[in-house]
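Protein chains in written order, with the numbering used here: chain U, 146 to 291; chain E, 146 to 291; chain P, 146 to 291; chain Z, 146 to 291.
For the record, the hints were derived by calculation from the structure and aren't laboratory data.
Among these hints, one or two may not hold up.
Because identical chains cannot be distinguished in the list, a pair is counted as satisfied if it fits within a single copy or across any two copies.
As the list claims (entries may be wrong) - Computed cross-link-like contacts, DSS-like style, restricted to lysine-lysine with a CA-CA straight-line distance of at most 25 Å:
#1 Lys221 x Lys266
#2 Lys221 x Lys251
#3 Lys251 x Lys163
#4 Lys266 x Lys223
#5 Lys223 x Lys163
#6 Lys223 x Lys251
#7 Lys248 x Lys266
Keep in mind the model is a prediction, meaning the values are calculated, not measured.
4 protein chains.
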Amino acid sequence: MTRADLNPPSLAEAVNAKGYGHAAGFRIVAVEPGRAEVALARRDDLMQFFGHFHGGVITALADHAAGIAVTSGMPKGKIGVTVEIKVNFLSPADGSELIARAKTLKMSGSIGVASVEVFSKNGASETLCAFCTATMRAMDLPAEFK
Amino acid sequence: MTRADLNPPSLAEAVNAKGYGHAAGFRIVAVEPGRAEVALARRDDLMQFFGHFHGGVITALADHAAGIAVTSGMPKGKIGVTVEIKVNFLSPADGSELIARAKTLKMSGSIGVASVEVFSKNGASETLCAFCTATMRAMDLPAEFK
Amino acid sequence: MTRADLNPPSLAEAVNAKGYGHAAGFRIVAVEPGRAEVALARRDDLMQFFGHFHGGVITALADHAAGIAVTSGMPKGKIGVTVEIKVNFLSPADGSELIARAKTLKMSGSIGVASVEVFSKNGASETLCAFCTATMRAMDLPAEFK
Amino acid sequence: MTRADLNPPSLAEAVNAKGYGHAAGFRIVAVEPGRAEVALARRDDLMQFFGHFHGGVITALADHAAGIAVTSGMPKGKIGVTVEIKVNFLSPADGSELIARAKTLKMSGSIGVASVEVFSKNGASETLCAFCTATMRAMDLPAEFK
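Bound-form chain U, shown alone (with noise of 0.2 Å):
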């Protein structure tokens, strides 16, 4: 686990103290170039009806392992924002903790796309609970950032 190749060092980091990622509990297990992990322990207040972790969580958990994985790969000074973003949702996600996997699939100017695996965990056991595909393109970070 490293995160000496983030795009600063720091910035993923830095996007996750605050806000909703920060709210939620977002956790930054892993980054290499063009590729993320992110966990999310489970909590009553991120489940939906069937007391499975809700879609919408999954979407933004896998859309902040993506975020990441993406702006690694760009220029120092930008961030990936989502132009886009789809998910399958393929098994319930009942696990303790959720597991988001971001691999960058393509880089072009200034649009990068990733793929993202999220497992539902259990004890050692994981689950490929979703299947998500975004689009990035890249913007100007704030100056405190750069």
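Knowing the structure of chain U, use the given hints to seat chains E, P and Z on it.
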């Protein structure tokens, strides 16, 4: 504004009364067969890095509206769960409130498809900030809701 | 029906005059700023296993209409190329003709997003058979079209 | 390369023997449970404006491979039909041939989801040019294929 046609009348509110939707503050504005409108007021813990509504929150709200719209067209005792969802983010969601308006495009057997327009509202002005399509399938409701 | 607002007026027809669109028989019905309508008559080599229009053909037609609608809102000398496309197939495309009606949802910098309704037509009756959203980005046109 | 596990063994070829797939020249390269590979050689009437494979053709090929992969995991007498498909176009499809490689992510009841990588091939070199996710549902096969 009527909720009389909801299936059953109180289902949308029951779904909304706990978990993520409740914690985030989703507010059902109107339901009629094949249509639903759900609102969400700005709150710091729902924002992303740039201070706009987080994409995952927008997706969750759109998903919620789509689910109510599609469920309203299903037989009694069924609820629509999300198979997949796709969202395009069109402009900054920087208003004081979001409004998601869903309509069912098609019910076919156990599968329903809805599109959702999400507006960012500032005073009387509404701007289309996201566009979503969701595919749902019918599941049996737990006995206490049938 | 007017083509006068196309950008430039003859671009859509030039694009349509060769390759796949021409071979399949795409027919531009109407173009106005931010909107386009393209039709396609039934032909055996455009059908799938069950004798309906093939999903790939429906997607190509929707993509074509989206491209014309979005390009009509771009600066002169630019053409929209598809970043990603999403299609829901809603009912059998078993008519004698398909009609794709695209409208631009948003132009923002070099990126445009359109939604497309595809109808299966039988005599005077039209049935919504597919719903599509496409993201396009502006590219420079080859010199001969500028 | 084996086709023995196809469901039934000759179904994929039967589907491929007529209509659009046949006219375009789709070529089934390999099938195993949950996986399929389908190829398509360059031909002028499959190209778009810039002389690359048309996005609709790429989508059709990906859809075809996804359908074979998902159908191979369905009970005898069933075929997967496409509920929705999403494609990201990652780089110009300017090779002499396209190769679509599909794998099933999940079968759940009557619904299956597959992802597909599409490569543009030039000599021995393959470039990922598109990435696709498709949702399929099981339909009854016509009697002559059961």
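These are the hints, each one checked on the structure:
no.: 1; hint: Lys221 x Lys266; in the structure: neither (34 Å within a copy, 33 Å between copies)
no.: 2; hint: Lys221 x Lys251; in the structure: within (18 Å within a copy, 28 Å between copies)
no.: 3; hint: Lys251 x Lys163; in the structure: neither (28 Å within a copy, 29 Å between copies)
no.: 4; hint: Lys266 x Lys223; in the structure: neither (33 Å within a copy, 28 Å between copies)
no.: 5; hint: Lys223 x Lys163; in the structure: within (19 Å within a copy, 38 Å between copies)
no.: 6; hint: Lys223 x Lys251; in the structure: both (16 Å within a copy, 23 Å between copies)
no.: 7; hint: Lys248 x Lys266; in the structure: both (19 Å within a copy, 23 Å between copies)
Going through the hint list in order, the structure does not satisfy hints 1, 3 and 4.
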